[in-house]
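S.K.: The residues making up each chain are set out below.
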Amino acid sequence: MSSSDDDSASSGANSGPVLGSKPIEDGFSQLRVNDLANGSVNDDAAEGSGDREGVAVEVDEVEDGGSASARVGGTEIEEIGEARGMWRSNSEGEVEAQASPSSSGYAGERGSSSGGSGIGEEEDEIEEVRSDAGSDSQAAWMPGKRHVDEDDASISWRKRKKHFFILSHSGKPIYSRYGDEHKLAGFSATLQAIISFVENGGDRVKLVRAGKHQVVFLVKGPIYLVCISCTEEPYESLRGQLELIYGQMIVILTKSVNRCFEKNPKFDMTPLLGGTDVVFSSLIHSFSWNPATFLHAYTCLPLAYATRQAAGAVLQDIADSGVLFAILMCKHKVVSLVGAQKASLHPDDMLLLSNFVMSSESFRTSENFSPICLPRYNPMAFLYAYVHYLDVETYLMLLTTSSDAFYHLKDCRTRIETVLLKSNVLSEVQRSMLDGGMRVEDLPIDPLPRSGSLLPRLGQRRPFTDSQESLKEAYAGIGGPAGLWHFIYRSIYLDQYVASEFAPPFNTLRQQKRLYRAYQKMYASMHDKGVGPHKTQFRRDEHYVLLCWVTQDFELYAAFDPLADKGSAIKTCNRVCQWVKDVENEIFLLGASPFSW
Amino acid sequence: MGLSSVASNSEGMQLCIFDLRRGQNEGQELDKILFFYPADLPFSTQLSVIGLSEGLITFTRIFSPEAACEVIEAERHSHVFFEAEPDIWMVMIVEKNKEAEAVWRVGALRNVLKEVHSLFLMFHGSIRSLLEKEPAAGLIRSQLYIFIMDYLSAFEKRSPLDYCCWDFLSSKKLQLPSFRDSLKERGTVQMLTVGREAAIEVQSLVRVVESCTGSPSCHSLLLFQDLLVSTTLSPDDAINLFTYAVLRLTPRALSTGSSSWSYLLKGSTASAAVTGPAVGSPTSLSEPFHGSHGTSAGDDQSHAMRPLQHDRWSRGNDGFLVTDIWQAEPGSLVSVTPSIWLQQTEEKMYLCAYQHKSLTLIVLIPVSSVINGEQGIFAVKQLVLENASLKMLKVEEKLSKGWGGENAYHVSGYRYLLVDGDRNLSRASPPGKVTTLTKDSLLALSKLREEVDIEKSRARWDDDDHEKELEICTRARNNAWVITRVTRGKELYMVLENANETLLYASDAVQKFSNRYCNGAFSLD
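Here the protein sequences come in this chain order: D and A. Once you know that position 48 of the first sequence is 48 in this note's numbering, the rest is easy, because the numbers rise by one and skip nothing. Quick note, this note's numbering runs 1000 ahead of the 1-based positions in the second sequence.
Simulated from the structure, these hints should not be mistaken for lab results. Where is the CB? At the ideal position from N, CA and C, for every residue including glycine. Please note that the accuracy of each hint is not assured.
[Said to hold, decoys possible] So the derived list for chain D, only partly shown, Cβ under 10 Å to chain A, looks like this: (1) F187; (2) R204; (3) V205; (4) V215; (5) K521; (6) Q537; (7) R540; (8) C548; (9) D561; (10) P562.
Chain A with its partners taken away, still in its complex shape (with noise of 0.2 Å):
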């Protein structure tokens, strides 16, 4: 579906993934361009984009050899740059317009660049590597069309007649992190707080699911509802998994077949049914076929591979969820196990995933140490269900109970973000909370946001060995309070829209929140 949709689009947002290695020649300089969306715009314009990220990059070069151009602020659009691997450059432009709330955080955009290359990597590997194995590029610029294409169409809006909720609009925009976004973070995981008790039982589970692959070097990661609530990958791949968990794997994925690519975008009401729209005619469990994982079979198969298509997933009888993205060869009708790359390890792992009720759990097998591919795969998934199917059960009952609903995380009074840096988590007031501040706060805050990120970045590059220590307390025009305070590596961001009084008043809410949600991490005294 949402191919031609987007590709419509052409106005508001550019996107372009070019190499500078590529086109050095008079002539040639197309051959830089290994993706461009919208895909319709004209060579010259493709180019003269191109030309002036090129330009800014080498100049920028002159004064700072160690960090290019990050942003252009022109005054109707900003630029934002991401060097996704060393001379492979992802270019957003974005249009400002403060009317039609398109006011952007920089920050907030380049992690939706990161996300999109993470993703990338995760299941094609590196594009250096690719085009490396292929100099023409001509695969991987497919690739890369239809991967990013599947991304975008996440933020696509959707048309009142896909799903009665609160769009309006029926044109297909794009939907890209804005202000509104203050109180969310990119690229983190989102846990669950689970009792000591249900945390037991959680390793427990963990420990048996591991056993039965009979791998050291298997992972694994669970989720309850849109929530992490354990893993053993390492932060990068956490995040990874995560994010791709919760856009197309999760029951709330499943059953709106679409766009929640985080729990925080909408607290629409998930219901643990798992009713899978069936479109796409999910083949059933492949039989075992033979074993073709050899050394380059992977890659064969990969130019058709449309990880992040919608609807391609759904749950099967037996609980494990089944797609047909992954085919033993190009073309072919059989489905084979999923299989992605961890950044970690560069090691390539199957990917098994099964579904009870709201609790996710996604398995990672080292595709090495299966022997007899998707007969291997058959039985470990057999021992999986043999074994860890009631705990599982439990588990899940034990979690459902202590779940207090999507406002679980909602502290009254309060409109939160919690950011741990060193963890890369994050806890936010629930979205349904956050859409009753008004846009003066909200715009106050992803200013004060973009103040914090650029003391950041500073503080990275100023190589200290202390970490930033900051606190600012606002009060803005409309008597909102907008606060932030960063210390040791965590990030809190609050608005306080109807503590309408003194600044100590604010600061003693801060403290109170700290000492109650934070085990006082931002309390000063």
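So here's chain D without its partners, still in its complex pose (with noise of 0.2 Å):
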């Protein structure tokens, strides 16, 4: 992997859209769309930690303070069990092993918030709750498991918007979404019995469509996954979810678990997963939110290139010696990230590991020592993460194959946090956090010169107001100009995205995940299997002008005004993407694609 203070890797890694005042049709007669499926698991890099899968931790006495010893286990469902126990450190150092399978140390137990019912309501949940006025802030989503009460023979339950099921192939119920799953043993049954119906007529049933419902089915080996939704989201995008939700569980157990299945088709997966509901549901949550469920991609956090280099810079010293990938992120977004040589790391592993991370409220308190699948990496390994948050949003995660890093990794952790805090690079994140990233209101009228930054306009947007200020007042309700209300940018090399703020008229979350579904019907809508990838699509209806531009070098999606003018809109798309050139040095993080080698 390429250092991030290469320089040529900045102007290089991402050859730009050509565009200037051609319109957005011009110049792209080939498409060469980069497959993401290819090179995400690198079984070669991979090597070395391949005999770890399923295997217990096994840890000598560590220090005198901190005792902990994971034994070998028996069956394989113990060692599974046990390697999900966490270890946990406080700042002295005690280590802690929590050897029993069932206490898993999330905080988020089912308990804990399964009594949250009203204030916690999602959009999402039941189809006539819809101007439920709480569920417009993003702060009343509440994480974990709700209506645990409920099961298939309640009229809520049958109305909830989205539900997402995993179950066994005999039938066991695994994880619901709503409901107990004990109770939902019959109806668990009653999926296995469809699937397996079609199977033996030596067919694969993949989607049921009733009215507004879809049921769509994955199987993954002896594991199924079912959601059944009402949203208007295509079946690609549901399909793609159910992956993520498969990945997720792949995450906690590694693709392991399917020996159990293999000894005992009847085994009982459930108290494996004791007490991640929590995790499941609040990557469920981020369906409805986070473009990188559907892009595939990552996003960064807006950072001046010098203070991302500055990071990125201590990483890599880091990752010289020993860790596979050592990855500092503010909430979903990335400041820095760096591999080994030959490592690379999948957008999709970042999202579930990232999610899994900020999910478990055990990681906020204490340091943590955990194993952990990334399942585009190599789903049958297990690897060890070291996670640490520096501060409430800003956490570090060092990645290795070796259980008994520990303290390593926890020295590596202080010699990084000393740097950051030093070249005032957590100051410099936690800034940019209040600050936002890209407004369409201040799209440039004409072209920046090519040194543009983002940041000091960022830094004019502050409560010292100049002309730009007066200029944003004239825009205030009616988004950027030629009617622009928001703009995703995708680049396919870095693997990365840039969504723009939300502004007006997405006040509420409710409008937020309606774009958001938008967009992600355009995405499935322009990558088909069988006839896209297409190149352009302009789609209209009451709610939006969408306008999405696929090159083999980015795709941009971009929301108007439904009654935005055709023209005008394609030069502000063409405008955009000089826009985020410009600045690409502030919101991607170059040279260290996780693809490049």
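Got two chains here, each in a separate frame; can you build the complex from them with the hints?
M.R.: Here is the structure:
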């Protein structure tokens, strides 16, 4: 992996859209889309970790204070269960092992949030409660499982807008988004019957459609996943979500859980996932706000180039000392990311990993050393993740193949933390979180000089106003020029995307979710397996004008006022691409693409 | 002809009809099945198809009580569901295979199911009512079997020995509407555009003909070639009768004796010359015979009736079309005037069809209004001949003069389909022109239509009052523009292959088309 201070990389990795005054359709006669599946699971790079799959963490006594002994287990069930046991240490370096399969150490155990149905209603929940006022704020979402008292006989359960189920091939429930798994055994058996009935006929069921409802099936060996939804998401999106849920399960258990089913088809997996409801519910929640879930790309926190370079440099230092991946993130945005030579990290793995870390309360309270699996990297093996929050939102993840690297990684973290503090990276990160990223109303009207920067203007937006401010007011409530409301730009080579900040008229979570789903639909339409990818799409309905432009370098998704003029919308899209290009140093992580070798 | 050859083809497609109210008890499941194609499939296989279908209907009702299972998409097959009548389901299973061009649009397949059921209703009445009359269901099964097999034979690829046309496969394979038919809409009527003067002539012809019947509730339907000129029928009935006419009655249908279920099917040369194949010895107009259309006679005769059978209609010397399909009694050799059921009024009507060159006039007379049966019909026909034949001549002449031929509705540079959902009309590029499109364009269009189908069906369930408004312009991988606009109940689908230009160019092209050919219905400004 190239070092992040390689200057040439910053301009070379993304040869960039050739735009200028050309119309949007011009210039891309040939399409070369980066196949995400290729090179994502890198078996070579995973060698040496492959033999650790499913094996209990064997640790000798470490230091006087912390004793940890997870022994080599007898059955696989115990093994995985124990591997799930999480290592923690407080600041004094005490380590305690949790060896019981059922006590996973997650704060979000089932009971803790089950009662909070009143305030925590997510908009998805029941078809009827659309106008629920509480749903309009992002903060209203509560992690963890709700409505455990329901089952398939409850009317309310049947009316939930989007169900997710995981079950075993023998029909045993493993996970249900709503309702108590144990009470859903009968329902689960029905799902299994449908799948195996079709399978017995030599086929494989993918989708059942009924009115507004879709039932989507995904079979992964002995694990069956089903989504029942009356949202208007296309089949491809729902299927992708099931893939991610399966991936999230692999993150926690590795694919070696299949062996348990080989030994005993009636194997009950629920104890292995005990307490992880919160991880799944948080992932499912992200299906309605996080574009990474369908774009298969990650996003970076906007930072001055030098700041990100500084962070990258210190991560690179420790990556050379036996760390497979070093990732610094703030919420779901990447600050910097470094991988050992030849190791590449798939955006989906990053999504699942960060979801796992962010949704588990215990990671926040102390430093942690936990076995995790990266399904796209090597679905059969555990890696070990050292996780530590540097402040409320910023966390460092150090991944290694070695189960006894805790103290080494702890040292690494100390070094990194010191450098980050000294070089003000952490405060820059916090400032960036406050300032936000690209705003449609800041879209330059004239092409910027080549050395454009996002950040100075970010500064200007702060209390002390100038002419920019009055300009912004002129656009207030109508978004950017030509009725531009929002955009997402995805760089193919970098596997990164940047989305503009939500601005009016996207004031509420519901409006944001609707836009998100419109993008998702467009993505599915553009990337149809049979006939896609298409090159351009213009789509107008009662809510928006959407424009999508797919080239071999990038994809642009832009939303406009439904009355927007086509011609100026196209011009505006060209300007957005130019703008992104101008500030790419700050919004993307350059020269350290997880796919560069 | 069709029956045995279709039945022997067991792969590719399955079609079944079952009644969920029957066979409730263990061991009696077979009783549910009213029709199964191919019929030679083992019962166990048939039962497992029905079992899966029924299971999913029940399952989906848990979440979606108002609309049960519509389609199952599996890796290798699509199962398309249609609830034809309450608890009476039709399910079609097609195999998917991109190499074999087996790429389907669910909506198009469901329209096939709808069509065959509507036609059945027209000739036999509802399945439920027949079942109520005959709980053992033996008769209805044979009726359904004969009817649907005759219908399916229209989808059969014909062997080159039959007709020298583009077919080159000699195998009898069913040709269901695939992605290649994306610029067609089954269940709609194609109209002839007539000038003002001709329209007045047509009006007067219709008035004269209807007055000949002596019944105020009679109806008429006038076709020029395979295009509708005028009708007084309700939209649903008009579609059914139009479909039947194009299948079996128009000059083209008579001359080929077969399979053009729509003029859109292929642009073969339909000459106005009528040369009935004279197969099957059509009896002459049956002489007035004991006026037997009593209360139940109509049902008795129907079990052997095969209104969709090929080559059973021909043009008589007097210009009226004759057939021996309808018989006075089962097994009788005496034919009677055909009759059909109207959906709208549930009234039984005599069907008389008169043909002059390209013009086909269908008159429907209420059975109840004709006092002395065949004799009465005979009298009406005589009246029509006396009073209207000259007018027919004139109208035919006028329409022929104004008729631009089979490419009349071709718009150069465009390949399009225009659907007016409110009036059940459609117009499209001539099939011969559509075949110039590349496979990629047609596949992309088929996909786009699928997407629009889903949006439309959602809008229906969302019971929003406002109609769906949608515009999608896609530049496909092969640089073709694939476009749809849905507005105020009208739909426009379009492929522009040589518009190798910008989005603005493409939408400009749509705008021009809309202004020129659609009265600006799809224009934005």
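S.K.: None of the hints should be skipped; say for each whether it holds.
M.R.: Quick rundown of the hints versus the structure:
1. Annotation: F187/D was flagged as interfacial toward chain A, and the flag holds, the nearest CB pair being 8 Å apart, inside 10 Å.
2. At about 4 Å, the closest approach between the beta carbon of R204/D and any beta carbon in chain A falls short of 10 Å, and the interface hint on this residue holds.
3. Interface hint at V205/D: satisfied, since its Cβ lies 5 Å from the closest Cβ of chain A, which is below the 10 Å cut-off.
4. Given the 10 Å rule on beta carbons, the hint for V215/D holds: about 7 Å separates it from the nearest Cβ of chain A.
5. Below 10 Å, beta-carbon pairs count as interface contacts, and K521/D has one with chain A at about 8 Å; its hint therefore holds.
6. Annotation: Q537/D was flagged as interfacial toward chain A, and the flag holds, the nearest CB pair being 5 Å apart, inside 10 Å.
7. Here the hint on R540/D is kept, as its CB sits about 4 Å from the closest CB of chain A, short of 10 Å.
8. Annotation: interface hint on C548/D holds; nearest CB of chain A at approximately 9 Å, less than 10 Å.
9. Because the beta carbon of D561/D sits about 14 Å from the nearest beta carbon in chain A, more than 10 Å, this interface hint is broken.
10. The beta carbon of P562/D comes within 9 Å of a beta carbon in chain A, closer than 10 Å, and the hint placing it at the interface holds.
The structure shown violates just one earlier hint, number 9.
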